[in-house]
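Asks: Chain residues, written in single-letter form:
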Amino acid sequence: MILVLLLPLAAMLLVGLAAAVLAGAPQAARAVGAIGMCAASVGGLAAAIAALVLGDASSLALPWNAAIGASFSVAFDPLTGFFLLPIYGLSAVCAVFGAGYLSHAHHGRGVAAHWLFYGLLVSSMALVVMARNAVLFLVAWEIMSLSSWQLVTFEHEREETRQAGITYLVATQIGTAFLLVMFLVLGTGSVSDAGGAGGAAGGAAGSLDFAQLGASGRAASAVFLLALVGFGTKAGIVPLHVWLPEAHPAAPSHVSALMSGVMIKTGIYGIVRVLSFIGAPPAWWGWTLVLIGAVSGVVGVLFALAQHDIKRLLAYHSVENIGIICLGLGVGLLGISFGSTTVAFLGFAGGLLHVLNHALFKGLLFLGAGSASHAAGTREIDRLGGLMRRMPLTGAAFLVGAAAICGLPPLNGFVSEILVFLGAYGAASAGPAAPAAAAAIVVAALAFIGGLAAACFTKAFGISFLGEPRTPAAAAAVEAGPSMTVPVLILAGACAGIGLLGFVAVSFIAPLAGAVAGIDTAAALAIQEAAGAGLVKVSLVAGVLAALVLGLVILRAALLSRRTVRNAGTWDCGYTLPDARMQYTSSSFAQPLTGMFRLGTHRHWTPISVPFPERAEFSSHTPDVFSQGVFRPAFAGIGALLSRMRWLQHGRLQLYVLYVAATLLVLLMWKLG
Amino acid sequence: MDGTVFAVLQLCVALALAPFLPGIVNRVKAVAAGRRGPPLLQTWRDIAKLLGKSAVYSRTTGWVFRAGPVVALAAATAALCIVPWAGGGALLSFDGDLILFAGLLALMRFVTIIAALDTGSAFEGMGASREAWFSSLGEPALLLGLAAVARTRGSVSLAGILGVTTTVPGGAAAVIFLVTCSLFIVYLAENARIPVDDPDTHLELTMIHEVMALDHGGIDLAYIQYGASLKLWVLGGLVASLAVPRTGQWYLDAAAGIAGIVVVAAATGVVESIMARLRLIRVPQLLVAALAMSALGMALSLMTNLPNPPSVAV
Chain A
1 MILVLLLPLA
11 AMLLVGLAAA
21 VLAGAPQAAR
31 AVGAIGMCAA
41 SVGGLAAAIA
51 ALVLGDASSL
61 ALPWNAAIGA
71 SFSVAFDPLT
81 GFFLLPIYGL
91 SAVCAVFGAG
101 YLSHAHHGRG
111 VAAHWLFYGL
121 LVSSMALVVM
131 ARNAVLFLVA
141 WEIMSLSSWQ
151 LVTFEHEREE
161 TRQAGITYLV
171 ATQIGTAFLL
181 VMFLVLGTGS
191 VSDAGGAGGA
201 AGGAAGSLDF
211 AQLGASGRAA
221 SAVFLLALVG
231 FGTKAGIVPL
241 HVWLPEAHPA
251 APSHVSALMS
261 GVMIKTGIYG
271 IVRVLSFIGA
281 PPAWWGWTLV
291 LIGAVSGVVG
301 VLFALAQHDI
311 KRLLAYHSVE
321 NIGIICLGLG
331 VGLLGISFGS
341 TTVAFLGFAG
351 GLLHVLNHAL
361 FKGLLFLGAG
371 SASHAAGTRE
381 IDRLGGLMRR
391 MPLTGAAFLV
401 GAAAICGLPP
411 LNGFVSEILV
421 FLGAYGAASA
431 GPAAPAAAAA
441 IVVAALAFIG
451 GLAAACFTKA
461 FGISFLGEPR
471 TPAAAAAVEA
481 GPSMTVPVLI
491 LAGACAGIGL
501 LGFVAVSFIA
511 PLAGAVAGID
521 TAAALAIQEA
531 AGAGLVKVSL
541 VAGVLAALVL
551 GLVILRAALL
561 SRRTVRNAGT
571 WDCGYTLPDA
581 RMQYTSSSFA
591 QPLTGMFRLG
601 THRHWTPISV
611 PFPERAEFSS
621 HTPDVFSQGV
631 FRPAFAGIGA
641 LLSRMRWLQH
651 GRLQLYVLYV
661 AATLLVLLMW
671 KLG
Chain B
1 MDGTVFAVLQ
11 LCVALALAPF
21 LPGIVNRVKA
31 VAAGRRGPPL
41 LQTWRDIAKL
51 LGKSAVYSRT
61 TGWVFRAGPV
71 VALAAATAAL
81 CIVPWAGGGA
91 LLSFDGDLIL
101 FAGLLALMRF
111 VTIIAALDTG
121 SAFEGMGASR
131 EAWFSSLGEP
141 ALLLGLAAVA
151 RTRGSVSLAG
161 ILGVTTTVPG
171 GAAAVIFLVT
181 CSLFIVYLAE
191 NARIPVDDPD
201 THLELTMIHE
211 VMALDHGGID
221 LAYIQYGASL
231 KLWVLGGLVA
241 SLAVPRTGQW
251 YLDAAAGIAG
261 IVVVAAATGV
271 VESIMARLRL
281 IRVPQLLVAA
291 LAMSALGMAL
301 SLMTNLPNPP
311 SVAV
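In order, the protein sequence lines correspond to chains A and B.
Residues 1 to 673, numbered by the working numbering, are exactly what the first sequence covers, in order.
Residues 1 to 314, numbered by the working numbering, are exactly what the second sequence covers, in order.
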């Protein structure tokens, strides 16, 4: 089975190479790339589903002399399979969307290279979750980072895209550095007796296969923190999220969807996988994840609210959703630490299910935003408007995604959030005081995030898709072609399907959540049945809701059937000739909340001081507090420190030769002495 | 009495009686101001009148605008199916139904807001913005408050929280008092009452909820008014049931439930008679006060040694 699972990886690389070879014929490269990627992804998805259903646990280990402790060791288990689903699923729809999205890209070489790196990105993500050796994992991890960096800088003619690429590259490399140290600590088993992480290489005689990795006591805590920083940088937890709002808007929309929907989730995969190496969690691990989740969630959604670039807004929402996932994992860890299998199960089930759900609705939202900005020629929400009439399919799908990300019933976001809520309520109502306090934080944070997300997505959807178009370009927008509407409709259907059949989703996630929570199958089944019984009621309420909506619509239609239905201008308190630019804007919609939380929005305007003003301007911009307040000064400080070493670099060849000779001399003395 | 039959009756009584609540609020206000006030049936009459009207829709709007009132009314009705305001169980009670309850209220707000934005009117955009602003603060107060009560009652379903027949242990009484106060503020805010919003003025700049319905007329407005009545009933039932003890006798509990909801509505009328609407920037402070009371209730429930110490669910 493992060979079947590896087949799509090879297929994607071949397709990518074929597209690269066809660089001279952009049309052919586009067709080969899109169709090939989609087919390989669908194949991968089918293989992953089959392996999950069959309960496959096959593995493959080949010798590999790349480094000490390395081996080409891959395997399949429920965790791997669960992450493969969104990777392949979203990859397939994004490839279809990309075919339409790139059809206007002018340079053939760029398009060909794009498909090569697309294949590399998807196959390396799949390899990341299948790898069972630290070296192989890190190699796949780096390919994933570098290929996604290449995809981000697709439109590299633009200055801000190149800047975003650099920010992303630096962030991801710093994250990987933490992962290197983490695996070295795991490989030695313990830091305390080896004299710190620096001595870890001494233990390299052992294999770095995952089965051999482990840590306990303080080393385990060190590994936990290193994993949080290293994987958290990729996932985008606050304050390590600063690359997301830069890189996601710069990338083509289907790449943003893929990166935000699944690539950042490899960070979550990493955290969950590492938790399986380091034994029973002390209570403070759960607390840490809860606090990180709460801060990431609230900060992410608040900054999202302040944005008026729709893709930047969505990027901040990824930070928020990673926060929700961390809240779920935190509840799970708390449940383990105070011995409640129910709480542990529900926390992990909710957190992991949210990984899948977020992939679906965030993919949908990025693709929908891509179609909209493609059609109207801008990503500024305040320059859109009225797109619902011009792009009915994209608009309807975007609405489903917006409602789903707010956690509204009966859509999929609600299903994963209710599981996290149930875990938190379980701990808050029946747990000891300490975990109950943490659970109360989870409840308050999730509720607050939900409220703010509703504010944010009523704004994002309402201002861009409803009302009147604010610019001629928005008025001239037309519905995208089928290659761009079918993917969003598929994703919208998946969001609604999981939402309506929440109990099925829970029974699907149950074996994995039980395994992660460390409870046996029978106990997991019992808890899943209890939670599933509740979700059956949720589905029933959804049915009631649908029936009522249908009934009320029919009633209205019946009552109106013999009456006049007229159309008129919006009443607007008697002012019947409003200009489209008099509509509420996204900045004004969000201003009460952004003002209340003092997010540091900069406003620039020319005041109107004369009776007949000629021209006035207003613009607002909300920079990232962490980027401006933490990382910029920190990197400036490092830069200043390093520039003091510049006297070493003066360009005189003779002195360089002297350095070489002196270094050799010192080394010889050390070796011989 | 059979549980399901009782639950169905509970739902039907609510559907029939809810439109009297705005009448009760207005009657209390009128009496306090020395007037006679409109009849209690006024909301039902308004709904009947509006259902007989033809329709005018703005050219700017599309199906989102028309879906708003429909989905909002459906969500309010669905919420009634899970809140056991008269004790016992509701039609669709389950562990965690309080989360679905909050979710349905959020759905109602969401569709109301986007329907308002569909008109393209700056007035309605302003109301939508304020609704989103205040509700984001009300939601944590509601769910955290319910968590505090859940701890005192050892249950995570509305039936378990609201429908207990045992006497309340001493330590829990303070928790329940705090949460009841907190939820009363949430009730006022969610139902767009003074001091958060003024349902009587037609000066659009002062309004939040009413302004979002400016462009709705006829049947849609009837749906909105009925939905608002149901929301008044369902949230009133939540607040009242926290405070009213249950006897286990279905007719006593049902009577106490209705009486409690009427008392909460009358209290709203009293609040509206004795104070003015707060300035907009003061409203978040009120809602944060509600959140603080919920948080205090949660902290108290963590510290109090309850007579029946909660057991770890395994």
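Because the hints were derived from the structure by calculation, they are not lab data.
Among the hints, a few may not be true.
Quick list of the computed label-pair ranges, beta carbon to beta carbon [said to hold, decoys possible]:
#, chain 1, residue 1, chain 2, residue 2, range
1, B, Leu51, A, Ile608, 25 to 35 angstroms
2, A, Ser561, B, Pro39, 29 to 39 angstroms
3, A, Ala211, B, Ala243, 52 to 62 angstroms
4, A, His621, B, Arg282, 44 to 54 angstroms
5, B, Ser273, A, Ser561, 49 to 59 angstroms
Computed footprint of chain A on chain B, listed as stretches where at least three residues anywhere in the stretch have a Cβ under 8 angstroms from a Cβ of chain A [claimed, not checked]:
#, region
6, 10-16
7, 101-110
8, 126-138
9, 171-182
10, 242-250
If you only want the chain B side, here are some residues facing chain A, beta carbon under 8 angstroms, derived [unchecked claim]:
#, residue
11, Thr4
12, Thr60
13, Ile114
Treat the numbers as computed from the prediction; the structure is a model and nothing was measured.
Ideal placement from N, C-alpha and C gives every residue a C-beta, glycine not left out.
Asks: Now tell me, hint by hint, if it's right for this structure.
Replies: Outcome of the hint check:
1. B:Leu51 <-> A:Ile608: 25 to 35 angstroms: violated (47 angstroms)
2. A:Ser561 <-> B:Pro39: 29 to 39 angstroms: holds (32 angstroms)
3. A:Ala211 <-> B:Ala243: 52 to 62 angstroms: holds (59 angstroms)
4. A:His621 <-> B:Arg282: 44 to 54 angstroms: violated (29 angstroms)
5. B:Ser273 <-> A:Ser561: 49 to 59 angstroms: violated (44 angstroms)
6. 10-16: Since 0 is below three, the answer is violated.
7. 101-110: holds (count 7)
8. 126-138: Per the Cβ count (10), the hint holds.
9. 171-182: Check failed, 0 qualifying residues.
10. 242-250: violated (count 0)
11. Thr4: This interface hint is violated because 13 angstroms lies over the 8 angstroms limit.
12. Thr60: holds (5 angstroms)
13. Ile114: Given a least distance of 5 angstroms, the restraint on Ile114 (chain B) holds.
Violated hints for the displayed structure, listed by number in ascending order: 1, 4, 5, 6, 9, 10 and 11.
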